[in-house]
Amino acid sequence: ELKVEQNPLFLSMQEGKNYTIYCNYSTTSDRLYWYRQDPGKSLESLFVLLSNGAVKQEGRLMASLDTKARLSTLHITAAVHDLSATYFCAVRGATQGGKLIFGQGTELSVKP
Amino acid sequence: NAGVMQNPRHLVRRRGQEARLRCSPMKGHSHVYWYRQLPEEGLKFMVYLQKENIIDESGMPKERFSAEFPKEGPSILRIQQVVRGDSAAYFCASSPPSSTDTQYFGPGTRLTVL
Numbered sequence: 001e002l003k004v005e006q007n008p009l010f011l012s013m014q015e016g017k018n019y020t021i022y023c024n025y026s027t028t029s030d031r032l033y034w035y036r037q038d039p040g041k042s043l044e045s046l047f048v049l050l051s052n053g054a055v056k057q058e059g060r061l062m063a064s065l066d067t068k069a070r071l072s073t074l075h076i077t078a079a080v081h082d083l084s085a086t087y088f089c090a091v092r093g094a095t096q097g098g099k100l101i102f103g104q105g106t107e108l109s110v111k112p
Numbered sequence: 001n002a003g004v005m006q007n008p009r010h011l012v013r014r015r016g017q018e019a020r021l022r023c024s025p026m027k028g029h030s031h032v033y034w035y036r037q038l039p040e041e042g043l044k045f046m047v048y049l050q051k052e053n054i055i056d057e058s059g060m061p062k063e064r065f066s067a068e069f070p071k072e073g074p075s076i077l078r079i080q081q082v083v084r085g086d087s088a089a090y091f092c093a094s095s096p097p098s099s100t101d102t103q104y105f106g107p108g109t110r111l112t113v114l
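Taken in order, these protein sequences are the chains called A and B. For what it's worth, our numbering labels the leading residue of the first sequence as 1, then goes sequentially. For what it's worth, our numbering labels the leading residue of the second sequence as 1, then goes sequentially.
Because the hints were derived from the structure by calculation, they are not lab data.
Here are the computed lysine-lysine pairs in the DSS-like style, where the Cα-Cα straight-line distance is at most 30 Å:
(1) Lys-56(A) / Lys-44(B)
(2) Lys-3(A) / Lys-51(B)
(3) Lys-41(A) / Lys-44(B)
(4) Lys-27(B) / Lys-56(A)
Reference excerpt, derived from the structure (chain A facing chain B, CB under 10 Å, subset only):
(5) Val-4
(6) Tyr-33
(7) Gln-37
(8) Gly-40
(9) Lys-41
(10) Ser-42
(11) Glu-44
(12) Ser-45
(13) Val-48
(14) Thr-86
(15) Ala-90
(16) Lys-99
(17) Leu-100
Built from N, CA and C at the ideal position, the CB exists for glycine as well.
Could you put together the complete structure from these sequences and hints?
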């Protein structure tokens, strides 16, 4: 059974600092996703990582994928308050079309 | 191009009533997924449908829950005889027929069972 684990689950940062969220998954998969969710809102797609060594960047967020280690990271550079949200990684399942298996989420709070 | 639409956005039911949640995928999308998010938890897959077919229902509870995606109209998630434990946010996502790389999520329906 495919399992996805994120850490940390809670992260309180000061503005301007850097930090990394980790996402481990248990079996082979060829698609890894990062989503952002604001309180009471839906999920916003941030990144889709398709292959080993893939790296994508958008603003202060950078995501990478190591399929051999079954690990993805979401790196936050010089955090700002607007980045406060819950971040989920998800891995596509093996069935055709692919259900997504989500991690528990990392609740990020960026304080001035 | 309108995004994934769900209605109602908020639904309150008493124990034992039925809840019907609707999802209209993005235009041109033929794959629909339903997920449930319990308070303070991540999303859990429930069911994956294409038009008139259930492809994967491995995440659906065995009783009281059903889903459909008819040839015409929205996808429906139906919960019969709701219980308090059904209180959650239910999200629908869709993806196009040519690619299932990214699922686009709707705003969700927040179900409260009194």
